[in-house]
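Go ahead and model the full structure; you've got the sequences and the hints to work with.
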Amino acid sequence: MMGLIVIDVQKAFDDPTWGPRNNPQAEEQIAFLLEAWRNRKLPIFHIRHVSQSRFAKGTIGFEFKAQAMPLAGETVLEKTVNSAFIGTDLEQRLRAMACDTVVIVGLTTNHCVETTTRMAGNLGFKTYLVSDATATFDRMGPDGFVHKAEDVHRMTLANLHEEFATIVTTSELMELFSWRIIDSSP
Numbered sequence: 006m007m008g009l010i011v012i013d014v015q016k017a018f019d020d021p022t023w024g025p026r027n028n029p030q031a032e033e034q035i036a037f038l039l040e041a042w043r044n045r046k047l048p049i050f051h052i053r054h055v056s057q058s059r060f061a062k063g064t065i066g067f068e069f070k071a072q073a074m075p076l077a078g079e080t081v082l083e084k085t086v087n088s089a090f091i092g093t094d095l096e097q098r099l100r101a102m103a104c105d106t107v108v109i110v111g112l113t114t115n116h117c118v119e120t121t122t123r124m125a126g127n128l129g130f131k132t133y134l135v136s137d138a139t140a141t142f143d144r145m146g147p148d149g150f151v152h153k154a155e156d157v158h159r160m161t162l163a164n165l166h167e168e169f170a171t172i173v174t175t176s177e178l179m180e181l182f183s184w185r186i187i188d189s190s191p
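The numbering used here applies: residue 6 is where the sequence shown begins, and numbers increase by one.
Calculated directly from the structure, the hints in this document are not laboratory data.
Predicted model only: the values in this text are computed from it and were never measured.
All residues carry an ideal CB built from backbone N, CA and C; glycine is no exception.
Keep in mind that the hints are not guaranteed to be accurate.
[As the list claims (entries may be wrong)] Ranges of calculated distance between the beta carbons of each label pair, as one might list FRET restraints:
#1 A163 <-> G63: 33 to 43 Å
#2 T64 <-> L181: 34 to 44 Å
#3 R98 <-> G149: 36 to 46 Å
#4 K46 <-> E180: 14 to 24 Å
#5 G149 <-> P75: 35 to 45 Å
#6 D94 <-> Q57: 20 to 30 Å
#7 H166 <-> I65: 30 to 40 Å
[What the hints assert, rightly or not] Restricting the straight-line Cα-Cα distance to at most 16 Å, the calculated cross-link-like pairs of lysine to aspartate or glutamate (EDC-like) are:
#8 K70 <-> D19
#9 K131 <-> E168
#10 K70 <-> E32
#11 K70 <-> E33
#12 K16 <-> E83
#13 K153 <-> D143
#14 K131 <-> E96
#15 K131 <-> D105
#16 K16 <-> E68
#17 K131 <-> E167
#18 K46 <-> E79
#19 K16 <-> E32
#20 K16 <-> E33
#21 K70 <-> D20
#22 K62 <-> E83
Here it is, written out as structure tokens:
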């Protein structure tokens, strides 16, 4: 069985103070993958970050973005650290559903997505990270140099590929699983 893990697709990331971001189509790719999973009745795990900052409960930032809004019956887990496996029962739920494969999407590539991907690989799950269904922001290093979001994104993917996960695009994932678009209309 194959589970989709959707990480932190929350309105807090719409705050302009994060700075420049890469991959503005990430949420649309996430919506596409959610539809693919829903049409096949495969398990979906929505992960939501909770903190005292922009992600505080009761704030707009805590809310899911429209493209990744959970439907009734879909699992929603809240985390307070970078990994979706720490402080949640995600691993137990995956194992109980016989999910030996996970596909990871969400925000941001070099934080919660990366940490969750590393842990999924270390826990023995066959892990796919969908490169065009994740994004990040410019990042300043300790020397004051600003690394562009696309560079941070690509380096993170390079660090994870074939060590913790297989990096694929949405279309590559669909082809890999021999999936076609399933029309959900009546």
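Checked hints:
{"no.": "1", "hint": "A163 <-> G63: 33 to 43 Å", "result": "38 Å, holds"}
{"no.": "2", "hint": "T64 <-> L181: 34 to 44 Å", "result": "38 Å, holds"}
{"no.": "3", "hint": "R98 <-> G149: 36 to 46 Å", "result": "42 Å, holds"}
{"no.": "4", "hint": "K46 <-> E180: 14 to 24 Å", "result": "21 Å, holds"}
{"no.": "5", "hint": "G149 <-> P75: 35 to 45 Å", "result": "40 Å, holds"}
{"no.": "6", "hint": "D94 <-> Q57: 20 to 30 Å", "result": "23 Å, holds"}
{"no.": "7", "hint": "H166 <-> I65: 30 to 40 Å", "result": "35 Å, holds"}
{"no.": "8", "hint": "K70 <-> D19", "result": "9 Å, holds"}
{"no.": "9", "hint": "K131 <-> E168", "result": "11 Å, holds"}
{"no.": "10", "hint": "K70 <-> E32", "result": "8 Å, holds"}
{"no.": "11", "hint": "K70 <-> E33", "result": "11 Å, holds"}
{"no.": "12", "hint": "K16 <-> E83", "result": "15 Å, holds"}
{"no.": "13", "hint": "K153 <-> D143", "result": "5 Å, holds"}
{"no.": "14", "hint": "K131 <-> E96", "result": "13 Å, holds"}
{"no.": "15", "hint": "K131 <-> D105", "result": "6 Å, holds"}
{"no.": "16", "hint": "K16 <-> E68", "result": "6 Å, holds"}
{"no.": "17", "hint": "K131 <-> E167", "result": "11 Å, holds"}
{"no.": "18", "hint": "K46 <-> E79", "result": "10 Å, holds"}
{"no.": "19", "hint": "K16 <-> E32", "result": "11 Å, holds"}
{"no.": "20", "hint": "K16 <-> E33", "result": "15 Å, holds"}
{"no.": "21", "hint": "K70 <-> D20", "result": "12 Å, holds"}
{"no.": "22", "hint": "K62 <-> E83", "result": "11 Å, holds"}
Consistency with the previously given hints is maintained throughout, with no hint failing.
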